[in-house]
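Sequence lines, in order, name chains A and B. In terms of the working numbering, the first sequence is numbered consecutively and its last residue is 637. In terms of the working numbering, the second sequence is numbered consecutively and its last residue is 248.
Please keep in mind that the hints were generated in silico from the structure rather than gathered at the bench. Note that the Cβ used here is the ideal one computed from N, Cα and C, for glycine as well. One or more of the hints may lead you astray.
As the list claims (entries may be wrong) - Each pair of labels, with its calculated beta carbon distance range:
{"hint": "1", "chain 1": "A", "residue 1": "Q299", "chain 2": "B", "residue 2": "E25", "range": "28 to 38 Å"}
{"hint": "2", "chain 1": "A", "residue 1": "A483", "chain 2": "B", "residue 2": "G17", "range": "24 to 34 Å"}
{"hint": "3", "chain 1": "A", "residue 1": "G199", "chain 2": "B", "residue 2": "D139", "range": "36 to 46 Å"}
{"hint": "4", "chain 1": "A", "residue 1": "P309", "chain 2": "B", "residue 2": "N149", "range": "44 to 54 Å"}
{"hint": "5", "chain 1": "A", "residue 1": "Q530", "chain 2": "B", "residue 2": "E42", "range": "19 to 29 Å"}
{"hint": "6", "chain 1": "A", "residue 1": "E137", "chain 2": "B", "residue 2": "L227", "range": "20 to 30 Å"}
{"hint": "7", "chain 1": "B", "residue 1": "L227", "chain 2": "A", "residue 2": "N388", "range": "14 to 24 Å"}
Stated by the list, open to error - Stretches of chain A that chain B covers, calculated by requiring three or more beta carbons in the stretch to come under 8 Å of a beta carbon on chain B:
{"hint": "8", "stretch": "42-54"}
{"hint": "9", "stretch": "170-176"}
{"hint": "10", "stretch": "270-277"}
To be verified - Sample of chain B residues lacking proximity to chain A, with all beta carbon distances greater than 12 Å (derived):
{"hint": "11", "residue": "R2"}
{"hint": "12", "residue": "G72"}
{"hint": "13", "residue": "E100"}
{"hint": "14", "residue": "N171"}
{"hint": "15", "residue": "N213"}
{"hint": "16", "residue": "E221"}
{"hint": "17", "residue": "L230"}
{"hint": "18", "residue": "N237"}
{"hint": "19", "residue": "R238"}
{"hint": "20", "residue": "Y240"}
{"hint": "21", "residue": "A244"}
{"hint": "22", "residue": "F245"}
{"hint": "23", "residue": "K246"}
Each chain, written out:
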Amino acid sequence: MTLDSRVPSGPIETSWERSRFEYKLVNPANKRKYNIIVVGSGLAGASAAASLAELGYNVKCFCFQDSPRRAHSIAAQGGINAAKNYQNDGDSVYRLFYDTVKGGDFRAREANVYRLAQTSVNIIDQCVAQGVPFAREYGGSLSNRSFGGAQVSRTFYARGQTGQQLLLGAYQALERQIGLGKVAMYPRTEMLELVVIDGKARGIVTRNLTTGVIESHVGDAVLLCTGGYGNVFFLSTNAKGSNATAIWRAHRKGALFANPCFTQIHPTCIPVSGDYQSKLTLMSESLRNDGRIWVPLKQGDTRPPSQIPEAERDYYLERRYPSFGNLVPRDVASRAAKQACDEGRGVGPAGLGVYLDFADAIKRLGRKMIEERYGNLFDMYYQITGENPYETPMRIYPAIHYTMGGLWVDYQLMSTIPGLFVLGEANFSDHGANRLGASALMQGLSDGYFVIPYTLGNYLAGTRLEPAKADHPQFREAGEQVASMVKKLLSIRGKRTVNSFHRELGKIMWDNCGMARNAAGLQFAIGRIQELREEFWQNVNVLGDNDGMNQALEHAGRLADFLELGELMCRDALHRNESCGGHFREEYQTEEGEAQRDDDNFSYAAAWEYRGVNAEPILHKEQLLFDYVHPSQRSYK
Amino acid sequence: MRITLHVWRQRNGADSGRMVQYQMEGVSEHMSFLEMLDVLNEQLAEKGEEPIAFDHDCREGICGSCGFMINGVAHGPLPGVTVCQLHMRSFKDGDTLYLEPWRARAFPVVKDLAVNRSALDRIIASGGFISVATGSAPDGNAIPIPKVNADKAMDAAACIACGACVAACPNAAAALFTGAKIAHLNLLPQGQPEKNRRSVSMVAQMNAEHFGNCTNIGECEAVCPKLIPLEVIARMNRDYLKAAFKND
Numbered sequence: 001m002t003l004d005s006r007v008p009s010g011p012i013e014t015s016w017e018r019s020r021f022e023y024k025l026v027n028p029a030n031k032r033k034y035n036i037i038v039v040g041s042g043l044a045g046a047s048a049a050a051s052l053a054e055l056g057y058n059v060k061c062f063c064f065q066d067s068p069r070r071a072h073s074i075a076a077q078g079g080i081n082a083a084k085n086y087q088n089d090g091d092s093v094y095r096l097f098y099d100t101v102k103g104g105d106f107r108a109r110e111a112n113v114y115r116l117a118q119t120s121v122n123i124i125d126q127c128v129a130q131g132v133p134f135a136r137e138y139g140g141s142l143s144n145r146s147f148g149g150a151q152v153s154r155t156f157y158a159r160g161q162t163g164q165q166l167l168l169g170a171y172q173a174l175e176r177q178i179g180l181g182k183v184a185m186y187p188r189t190e191m192l193e194l195v196v197i198d199g200k201a202r203g204i205v206t207r208n209l210t211t212g213v214i215e216s217h218v219g220d221a222v223l224l225c226t227g228g229y230g231n232v233f234f235l236s237t238n239a240k241g242s243n244a245t246a247i248w249r250a251h252r253k254g255a256l257f258a259n260p261c262f263t264q265i266h267p268t269c270i271p272v273s274g275d276y277q278s279k280l281t282l283m284s285e286s287l288r289n290d291g292r293i294w295v296p297l298k299q300g301d302t303r304p305p306s307q308i309p310e311a312e313r314d315y316y317l318e319r320r321y322p323s324f325g326n327l328v329p330r331d332v333a334s335r336a337a338k339q340a341c342d343e344g345r346g347v348g349p350a351g352l353g354v355y356l357d358f359a360d361a362i363k364r365l366g367r368k369m370i371e372e373r374y375g376n377l378f379d380m381y382y383q384i385t386g387e388n389p390y391e392t393p394m395r396i397y398p399a400i401h402y403t404m405g406g407l408w409v410d411y412q413l414m415s416t417i418p419g420l421f422v423l424g425e426a427n428f429s430d431h432g433a434n435r436l437g438a439s440a441l442m443q444g445l446s447d448g449y450f451v452i453p454y455t456l457g458n459y460l461a462g463t464r465l466e467p468a469k470a471d472h473p474q475f476r477e478a479g480e481q482v483a484s485m486v487k488k489l490l491s492i493r494g495k496r497t498v499n500s501f502h503r504e505l506g507k508i509m510w511d512n513c514g515m516a517r518n519a520a521g522l523q524f525a526i527g528r529i530q531e532l533r534e535e536f537w538q539n540v541n542v543l544g545d546n547d548g549m550n551q552a553l554e555h556a557g558r559l560a561d562f563l564e565l566g567e568l569m570c571r572d573a574l575h576r577n578e579s580c581g582g583h584f585r586e587e588y589q590t591e592e593g594e595a596q597r598d599d600d601n602f603s604y605a606a607a608w609e610y611r612g613v614n615a616e617p618i619l620h621k622e623q624l625l626f627d628y629v630h631p632s633q634r635s636y637k
Numbered sequence: 001m002r003i004t005l006h007v008w009r010q011r012n013g014a015d016s017g018r019m020v021q022y023q024m025e026g027v028s029e030h031m032s033f034l035e036m037l038d039v040l041n042e043q044l045a046e047k048g049e050e051p052i053a054f055d056h057d058c059r060e061g062i063c064g065s066c067g068f069m070i071n072g073v074a075h076g077p078l079p080g081v082t083v084c085q086l087h088m089r090s091f092k093d094g095d096t097l098y099l100e101p102w103r104a105r106a107f108p109v110v111k112d113l114a115v116n117r118s119a120l121d122r123i124i125a126s127g128g129f130i131s132v133a134t135g136s137a138p139d140g141n142a143i144p145i146p147k148v149n150a151d152k153a154m155d156a157a158a159c160i161a162c163g164a165c166v167a168a169c170p171n172a173a174a175a176l177f178t179g180a181k182i183a184h185l186n187l188l189p190q191g192q193p194e195k196n197r198r199s200v201s202m203v204a205q206m207n208a209e210h211f212g213n214c215t216n217i218g219e220c221e222a223v224c225p226k227l228i229p230l231e232v233i234a235r236m237n238r239d240y241l242k243a244a245f246k247n248d
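Using the sequences and the accompanying hints, generate a full structural model.
Below, the structure is given as structure tokens:
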């Protein structure tokens with residue numbers, strides 16, 4: 001198999017414009033003859049479903065939540081980047097492109113990133129027109145703030161709820177199309193199989209989560225907009241229901257999975273408080289604008305923070321990175337916190353935490369100003385920990401937050417299965433090995449509003465599709481697969497709960513494929529995951545039946561996929577003998593302990609082909625060419 | 001802490017349902033309320049009893065999935081938070097807690113503490129949007145919006161559609177929910193062209209879904225985890241009345 005990225009030739013500045021002209025169009029009268037399946041209703045899914053329905057396509061949209069408005073995009077706090085240059089501070093499409101390629105540690109595809117930077121400006125216009133209440137200046141114009149990894153103010157925001165407001169904008173556009181009868185919405189419905197007929201994606205098999213009914217849905221193209229797979233770690237900032245099932249089952253049907261080991265660890269999350277912990281909560285990165293991060297100089301110092309004098313504190317980010325200080329990018333800040341804790345200088349009950357201290361900022365700016373800037377975050381911290389961050393420093397620790405890897409897609413967002421498109425966090429394309437803050441919302445909406453309406457039309461207009469029916473043998477087979485898996489999970493009746501397996505998988509992943517990785521640990525993890533997977537299929541206990549809502553059954557099916565995906569992540573991390581972005585291999589670091597890339601050997605996207613549960617996957621490489629931004633060692637000293 | 005729970009158990013919409021008592025020992029005050037239920041569910045599964053079904057997802061108070069009554073109060077005793085953000089330190093050793101699903105004709109029970117809130121989606125589909133097709137938007141700064149209006153719109157737009165307002169209302173009215181969306185969109189210049197149509201059709205849909213009438217009791221505002229103010233209902237009523245006299 002050769003990977004054809006279908007990147008347009010010629011100057012990057014006009015690639016997208018030329019492509020849009022060259023792409024074939026579907027006649028308006030013919031659009032209504034096509035049925036499009038959209039799985040997921042987050043920023044990518046809702047925006048795609050609404051935009052395609054507006055064009056005239058018939059759309060079916062699926063989500064596992066009880067309403068499309070609850071997709072996890074809703075939890076994004078900080079903001080969305082756009083190269084508007086409203087601040088007159090030197091921003092441009094090219095600069096956003098440059099920052100994103102560099103921030104991704106030179107492991108993203110240039111042409112995709114350039115297009116993303118171009119469409120970013122249209123996103124803001126579209127969202128404003130929808131009524132998204134972005135922050136405004138007194139004069140009535142849109143307000144911006146700065147964000148990690150950038151020297152310009154290009155981030156648009158709606159208080160600390162930017163993701164919510166953008167998603168509601170897309171959701172409302174989607175609901176409008178539902179009301180007009182152009183989108184059929186299927187909430188509380190989970191995709192469990194992709195159906196491929198004559199080599200093309202032609203539909204999905206779903207399970208209704210309230211009735212257990214298994215159904216086939218036929219379409220002319222399938223769009224997966226199902227988000228990331230951070231929950232393979234059990235503890236992450238993802239919503240509890242976020243899962244990899246749709247992309248993993250598509251992977252099993254032939255879609256290559258690219259860069260699975262590229263996961264982002266966010267430095268500012270609330271630390272784990274006990275073994276009952278169910279998820280981790282992010283504290284916005286913006287806190288690092290005013291908070292100072294420190295740990296005690298001495299190991300095992302258990303004094304309360306107020307009794308540790310200034311001279312016995314180590315403001316390690318300011319010490320190690322004098323020019324960026326507390327504002328180094330996420331991957332760097334996370335690793336430094338881990339190192340401090342590994343040295344035995346971590347704080348809090350389990351020693352897995354560092355202080356984020358606002359005392360100086362309160363002294364300098366006054367409590368009122370800090371309240372205005374971060375009040376809602378301080379409240380949330382207080383709710384969760386019971387500690388008042390105005391009086392005592394916050395305790396933070398890194399947590400899994402985002403996955404840059406995902407299904408491999410070409411420039412037109414199509415996977416290696418014709419007719420299967422992948423949008424948003426579910427694909428691998430734009431963020432390389434590390435995503436910059438406020439870029440995830442941008443990518444989800446760019447893919448859904450402004451890319452897929454063009455590239456989907458090009459596929460449909462250029463492809464001959466035979467009529468397909470739900471009684472086609474491929475649909476029947478997929479339906480039987482789903483039914484037999486459900487039956488099997490319900491018949492094991494072993495001794496361990498789904499949750500206990502998931503926790504164990506998460507711990508294996510976090511210890512061996514988390515913030516720092518090494519060959520021995522990854523090899524160990526691969527073996528342990530295989531054993532755990534075997535035990536899962538013999539000893540899991542899923543109670544109840546398939547006649548109604550069964551949340552343990554849902555969880556078990558998702559975990560079964562994580563138990564395979566986790567192994568692939570470890571294999572990918574093991575093969576990539578370099579450090580880049582969020583992927584830090586201990587064997588490959590500079591003398592100062594920074595990530596050491598190997599551009600000669602690893603300047604490619606690693607796309608894995610599935611060969612069976614216990615068979616080794618096959619590696620395919622898409623070489624990455626950097627014609628515009630030349631790879632350099634990132635330095636934040 | 002030792003906590004006694006009485007939880008509503010109902011297999012499905014056809015089942016009549018009943019309260020079942022569970023005894024929780026060694027509950028940590030640092031647990032969230034839902035984590036306590038996770039622990040209970042693990043214990044139930046180990047005993048071969050089916051776990052309690054409840055909706056939840058982000059566990060950060062923003063997705064709006066979670067919510068049930070704790071001792072008759074939607075989202076429990078702490079104002080301004082969803083049940084996923086509520087922690088056990090808000091309770092004391094020996095407490096007895098009664099957990100029930102949202103009770104409203106428009107929210108049929110799916111199972112145990114989970115209900116069907118799709119009526120809220122249908123209210124949005126009837127007019128809770130601005131009709132602007134992708135690609136047809138002018139520049140973001142083309143229409144200046146006074147900060148105070150943008151802030152007020154944001155206050156209303158913070159609604160998470162959890163349904164607590166409906167559950168708390170003795171009439172099971174959805175006025176706070178519907179009013180919040182009408183206020184958000186009608187406050188903005190972009191929302192003006194469809195203002196009348198929106199106000200009339202959203203109110204009509206709200207009635208069609210068998211939500212009750214608003215009688216200005218204010219229970220909704222008291223339990224709203226996002227502190228949506230009662231004034232959005234006044235705005236809805238005003239905009240509805242004005243629109244009802246017009247014919248567009």
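Results for each hint:
| no. | hint | in the structure |
| --- | --- | --- |
| 1 | A:Q299 to B:E25: 28 to 38 Å | holds, 36 Å |
| 2 | A:A483 to B:G17: 24 to 34 Å | holds, 29 Å |
| 3 | A:G199 to B:D139: 36 to 46 Å | holds, 44 Å |
| 4 | A:P309 to B:N149: 44 to 54 Å | holds, 50 Å |
| 5 | A:Q530 to B:E42: 19 to 29 Å | holds, 25 Å |
| 6 | A:E137 to B:L227: 20 to 30 Å | holds, 25 Å |
| 7 | B:L227 to A:N388: 14 to 24 Å | holds, 20 Å |
| 8 | 42-54 | holds (count 4) |
| 9 | 170-176 | holds (count 5) |
| 10 | 270-277 | holds (count 4) |
| 11 | R2 | holds, 16 Å |
| 12 | G72 | holds, 22 Å |
| 13 | E100 | holds, 17 Å |
| 14 | N171 | holds, 23 Å |
| 15 | N213 | holds, 24 Å |
| 16 | E221 | holds, 19 Å |
| 17 | L230 | holds, 20 Å |
| 18 | N237 | holds, 21 Å |
| 19 | R238 | holds, 19 Å |
| 20 | Y240 | holds, 19 Å |
| 21 | A244 | holds, 21 Å |
| 22 | F245 | holds, 25 Å |
| 23 | K246 | holds, 21 Å |
Consistency with the previously given hints is maintained throughout, with no hint failing.
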